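K.L.:
If you want the building blocks of each chain, they are given just below.
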Amino acid sequence: AQKITQTQPGMFVQEKEAVTLDCTYDTSDQSYGLFWYKQPSSGEMIFLIYQGSYDEQNATEGRYSLNFQKARKSANLVISASQLGDSAMYFCAMREGQYNFNKFYFGSGTKLNVKP
Amino acid sequence: EAGVAQSPRYKIIEKRQSVAFWCNPISGHATLYWYQQILGQGPKLLIQFQNNGVVDDSQLPKDRFSAERLKGVDSTLKIQPAKLEDSAVYLCASSLVVTGPSLLAKNIQYFGAGTRLSVL
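Residue numbers (our numbering), protein chains in the order written: chain V, 1 to 116; chain S, 1 to 120.
Keep in mind that the hints were calculated from the coordinates and are not lab data. Bear in mind that the values here come from a model prediction, so they are computed numbers and not experimental data. Mixed in with the good hints there might be a few duds.
[To be verified] When the alpha-carbon atoms are kept at most 27 Å apart in a straight line, the in silico DSSO-like pairs for lysine-lysine are as follows: (1) K103/V - K62/S; (2) K44/S - K111/V; (3) K11/S - K111/V; (4) K103/V - K78/S; (5) K44/S - K70/V; (6) K3/V - K103/V; (7) K3/V - K62/S; (8) K3/V - K44/S; (9) K73/V - K111/V; (10) K78/S - K115/V; (11) K44/S - K73/V; (12) K15/S - K103/V.
Taking the hints into account, I'd like the entire structure generated from these sequences.
P.N.:
The following block contains the structure:
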């Protein structure tokens with residue numbers, strides 16, 4: 001079974017609108033972390049936002065927020081007020097367990113295109 | 001603070017040749033990761049070091065790939081001999097070592113710009 005599933009290969013959004021990128025995960029661990037990364041065409045993976053399994057509040061970082069629904073095992077990324085520079089690949093990832101050396105799983109990514 | 005440094009940025013070789021990639025992590029980061037990212041896919045972990053010890057290399061094709069981190073700082077990933085299917089971006093990442101459920105957030109991985117390998 002896939003650990004991280006991103007069902008949207010590609011998305012379009014109009015500049016200044018909000019967009020939601022979907023992510024579901026699969027784990028039986030009680031302790032885990034969920035991450036979103038942005039990968040522009042230059043190739044570097046840029047950390048955006050983190051949500052811990054014990055966190056009761058949804059994480060927010062500027063225009064990024066993570067809609068964490070634990071019972072549904074979903075961790076959707078919401079980008080508010082999209083900008084042209086947001087056009088990139090977006091990857092959802094998970095670390096199972098609480099230790100640094102637990103495995104880190106990436107989804108297949110969603111390509112976001114922001115239209116002017 | 002300097003980020004994760006990788007070199008070279010691009011490499012073109014012929015199949016059966018050898019190639020090496022270098023990575024210097026963020027200062028103070030004990031954990032170092034090498035990933036392979038094939039076009040259109042998410043990154044796949046090849047090997048993870050904690051200081052100079054290997055924590056996980058279960059997905060490293062050991063017949064042709066090798067990696068070392070001799071002094072617990074910078075690392076080299078080698079492919080010998082290369083195959084066509086090795087064409088990919090090789091990403092290096094590093095993170096601090098922090099444990100405990102409330103501190104898991106600090107185990108964020110920071111990535112370098114990657115090395116794009118083309119095997120002809």
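K.L.:
Which numbered conditions among the earlier hints are violated in the structure presented, ordered from lowest to highest?
P.N.:
10 and 12
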